[in-house]
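Enquirer: All chains, full assembly: derive it from the sequences and hints.
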Amino acid sequence: MANILAIDTTTSSCSVALSSGDELITKCNLAERSHTKLILPMIDEVLSKSSLTLDKLDYIAFTAGPGSFTGIRVGFGIVQGLAYGANIPVLPVSSLETLAYTAIRKLKIKKDLNIVPIIDARMNEIYWAKFSYKSGILSRDSKDCVTSPQFLRDSIELPVILIGNVIDYNNQTSENTLDLDHIEMLPEAQDILNIAQLHLKKGLGIDIQEVSPIYLRNNIKWEKRKKLRKT
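Residue numbers 1250 to 1480, in the working numbering, belong to the letters of the sequence shown in order.
These are calculated hints, taken from the structure and not from any lab test.
Be careful, since some hints might not be right.
As the list claims (entries may be wrong) - Lysine to aspartate or glutamate pairs mimicking EDC-like chemistry, simulated, CA-CA at most 16 Å apart:
#1 K1383 - D1393
#2 K1383 - D1369
#3 K1276 - D1293
#4 K1305 - E1281
#5 K1355 - E1433
#6 K1298 - E1281
#7 K1450 - D1307
#8 K1298 - E1272
#9 K1276 - E1294
What the hints assert, rightly or not - Beta-carbon label-pair distances, calculated as ranges:
#10 E1459 - P1408: 34 to 44 Å
#11 E1406 - S1300: 46 to 56 Å
#12 D1271 - D1361: 26 to 36 Å
#13 L1453 - F1318: 19 to 29 Å
#14 G1334 - N1373: 33 to 43 Å
#15 T1302 - A1280: 18 to 28 Å
#16 D1304 - Q1458: 34 to 44 Å
#17 K1305 - M1372: 21 to 31 Å
#18 K1298 - E1459: 27 to 37 Å
These numbers were taken from a predicted model, which means no experiment stands behind them.
All residues carry an ideal CB built from backbone N, CA and C; glycine is no exception.
Expert: This is how it looks when you write it as C-alpha cells:
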C-alpha cells in the first residue's frame, strides 16, 4: 500500500495522520490559532514514529477547504512546501466529506442514514453538504455550500444526522438559527485517508500546482507559489 501523509487544519482542530502498509499513526491537537506552530512538529512526529522520511511518501492528502480562512492558508502553504520540496503528488479533499467520515467512525454508524456535516463559516453563515450512507458506502448528495443556518434548516429533509461545530448558532435568539439536534464534532486527518484511497482507485493524484484552496466565497484568492527550477 502507498505511504500517505494526511493533514487537516481547516477548523480549530489541527491533525495529521500517516498510513504506511498496515500501520496508522495519528496526532491531533485542539488549539485554535496555533496551527502554524503545531503542524510541522506534528508531521515530524508521525514520520519519526513510522521511521519514514519525507522522500518516502507517495502522496500527501489534505483538506483543501472549506473552513477557517487562516487554517486553510496554513495547511495549503505547508502542503505546497512539502510537495514542491520532495516532488510529491497530492490528494486534495473536502473538509465536509472528511467530517462525514469522522462521524461514521467515531459514532460507529452502521445503519443507513443521511448525514449533513457543518463547519462554522463566520459572518452568520455555515459551510455544509448533504451525504447519504447506505450499505456501508458514503455518497455525496450535494456540493459544498455556504449559506445562512436558517437556509439549511428550511431545506433539509428529516430524518438526518447533523454534525459539526454548530452549537453557537443553536444558542442564538434570532431567526438565523439551526434549531435542530446536532452532534458536536470536527474533522480529523485519519478520515482523509478513506477519501484518498477512493481517489487513488480513480488515479486522481495530482501536482500541487493544479490545486487551489476551497474557500466558497468569491472574494478570496490564493496566490500560488511558483515552483523553483533547478539550475
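Enquirer: For each hint, tell me whether it holds in the structure or not.
Expert: Each hint, compared with the structure:
1. K1383 - D1393: Between K1383 and D1393 the Cα gap is close to 20 Å, so the pair fails against 16 Å, i.e. violated.
2. K1383 - D1369: Judged against 16 Å, a Cα distance of about 27 Å means the pair is violated.
3. K1276 - D1293: Within the cut-off at roughly 11 Å; holds.
4. K1305 - E1281: 30 Å, violated
5. K1355 - E1433: Since the Cα atoms of K1355 and E1433 sit roughly 12 Å apart, the hinted pair holds (cutoff 16 Å).
6. K1298 - E1281: 25 Å, violated
7. K1450 - D1307: 14 Å, holds
8. K1298 - E1272: 10 Å, holds
9. K1276 - E1294: 8 Å, holds
10. E1459 - P1408: 34 to 44 Å: 39 Å, holds
11. E1406 - S1300: 46 to 56 Å: The hint (46 to 56 Å, Cβ to Cβ) holds, given that E1406 and S1300 are roughly 49 Å apart.
12. D1271 - D1361: 26 to 36 Å: 29 Å, holds
13. L1453 - F1318: 19 to 29 Å: 26 Å, holds
14. G1334 - N1373: 33 to 43 Å: About 40 Å separates the Cβ atoms of G1334 and N1373, which means 33 to 43 Å holds.
15. T1302 - A1280: 18 to 28 Å: Given range 18 to 28 Å: holds, Cβ gap about 26 Å.
16. D1304 - Q1458: 34 to 44 Å: 19 Å, violated
17. K1305 - M1372: 21 to 31 Å: 42 Å, violated
18. K1298 - E1459: 27 to 37 Å: 31 Å, holds
Violated hints, in rising order: 1, 2, 4, 6, 16 and 17; the structure is consistent with all others.
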